[in-house]
Amino acid sequence: LAKTTQPISMDSYEGQEVNITCSHNNIATNDYITWYQQFPSQGPRFIIQGYKTKVTNEVASLFIPADRKSSTLSLPRVSLSDTAVYYCLGGGGSYIPTFGRGTSLIVHP
Amino acid sequence: SAVISQKPSRDICQRGTSLTIQCQVDSQVTMMFWYRQQPGQSLTLIATANQGSEATYESGFVIDKFPISRPNLTFSTLTVSNMSPEDSSIYLCSAFRDTGELFFGEGSRLTVL
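These protein sequence lines are chains A and Y, in that order. Quick note: to get the working numbering, add 3 to the position in the first sequence (first position is 1). Quick note: to get the working numbering, add 41 to the position in the second sequence (first position is 1).
So here's chain Y without its partners, still in its complex pose:
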């Protein structure tokens, strides 16, 4: 079954810098989703990434802060820009399998100092 590879798995960054998270799927998928999960909390959807069009952002998330690329049907990136300690979180990408179930990468744990 399809697999999502996500990197980096973790990183420690300085405030004011930016980090790009990569997500590679081993099969073509139409939609990819980016989530943020803060400690002890549920997953919050950041945006939906479709190939060939601009990402669709959820309320509270903007493109300037979380630019997303989706150059093809197997790859996407999420950038966390101008980071602050409040951006410390786990970031997860996901996609639907052909069977309709959602599958996830292992997540990227980001710590901003």
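The shape of chain A in the complex, shown without the other chains:
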């Protein structure tokens, strides 16, 4: 299971693009990178998952460079409702999912 490191907190303003980077130096060959979002008093929910290069869905984009030692979650044009904690996890197959401290994103008006 890849050990991950993220910034503890970030601030942004409505309408801006937010990029949250996660470091995972010891990622294994078959590990995927997955990002989750958690609002207060709710369980985390899946945002996006990728293995390499770029993945995009209706919510976010995920950039993973060729060496796969880091990944960047990109949230386009954030709104106040994007204020949440964001977690990146690395693992493959039936791994045991453990969460790091996550990044607390606060979006200001």
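Hints listed in this document are in silico derivations from the structure and should not be mistaken for laboratory results. Misleading hints may appear alongside valid ones.
Partner residues are not named here, just some residues of chain A that face chain Y (Cβ under 10 angstroms, in silico) [unchecked claim]:
(1) Y16
(2) G18
(3) V21
(4) I23
(5) Q45
(6) Q52
(7) F66
(8) L92
(9) G94
(10) P100
(11) F102
Listing some non-contacts, in silico: residues in chain Y with all C-beta distances to chain A over 10 angstroms [unchecked claim]:
(12) T85
(13) F102
(14) T118
Just some of the chain A residues that point at chain Y, by a computed CB distance under 10 angstroms [claimed, not checked]:
(15) P10
(16) Y90
(17) G95
(18) T101
(19) G105
All residues carry an ideal CB built from backbone N, CA and C; glycine is no exception.
Place chain Y on chain A using the hints.
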């Protein structure tokens, strides 16, 4: 897509008592996970529950305090035993979808007086 139902959603308990949290998945899953999340903190994995075998506990968590049952591939329970105020927390169960993403129940908020 699969859904996890967790209950109770919240409870207030007296110290020294025990509470059992139930987690029901609407599809069969191999592994289920139990987490604890204290206010302002990240999720801490308590244990992994597999059907037909004893749960695997993470460091700092023991079976006597957090007994877990996993009678079939869609259901699990976590008991918080001999509770103290330090056990006040949100307890979450989760499982993997076939797509590899982790999904969670809504959590059980426990307050111990």
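> Is the shortest C-beta separation between A/F102 and chain Y less than 10 angstroms?
Replying inline: holds, 4 angstroms
> Per the CB criterion, is A/G94 less than 10 angstroms away from chain Y?
Replying inline: holds, 9 angstroms
> Hint check: is the beta carbon of A/P10 less than 10 angstroms from a beta carbon of chain Y?
Replying inline: Check failed: Cβ of A/P10 comes no nearer than 14 angstroms to chain Y, outside 10 angstroms.
> Hey, does the A/Q45 contact hint survive, CB to chain Y under 10 angstroms?
Replying inline: Holds. Min distance 7 angstroms.
> Should the hint that A/Y90 touches chain Y count as held when the rule is a Cβ pair under 10 angstroms?
Replying inline: A/Y90 check passes; min Cβ-Cβ to chain Y is 7 angstroms, inside 10 angstroms.
> Can we keep the A/V21 interface hint, with Cβ of chain Y closer than 10 angstroms?
Replying inline: Check failed: Cβ of A/V21 comes no nearer than 20 angstroms to chain Y, outside 10 angstroms.
> Any CB of chain Y closer than 10 angstroms to the CB of A/I23?
Replying inline: Since the shortest Cβ distance to chain Y is 15 angstroms, the answer is violated.
>> A/G95 was flagged as interface toward chain Y. Is the shortest Cβ-Cβ separation under 10 angstroms?
In response: This interface hint holds because 9 angstroms falls under the 10 angstroms limit.
> Hey, does the A/P100 contact hint survive, CB to chain Y under 10 angstroms?
Replying inline: At about 5 angstroms, which falls below the 10 angstroms cut-off, the nearest Cβ of chain Y leaves the hint on A/P100 intact, so it holds.
>> A/L92 was flagged as interface toward chain Y. Is the shortest Cβ-Cβ separation under 10 angstroms?
In response: holds, 8 angstroms
>> Let's test the interface hint: is any C-beta of chain Y closer than 10 angstroms to that of A/Q52?
In response: holds, 6 angstroms
> Are all C-beta atoms of chain A more than 10 angstroms from that of Y/T85?
Replying inline: violated, 8 angstroms
Consistency note: the structure conflicts with the earlier hints numbered 1, 2, 3, 4, 7, 12 and 15.
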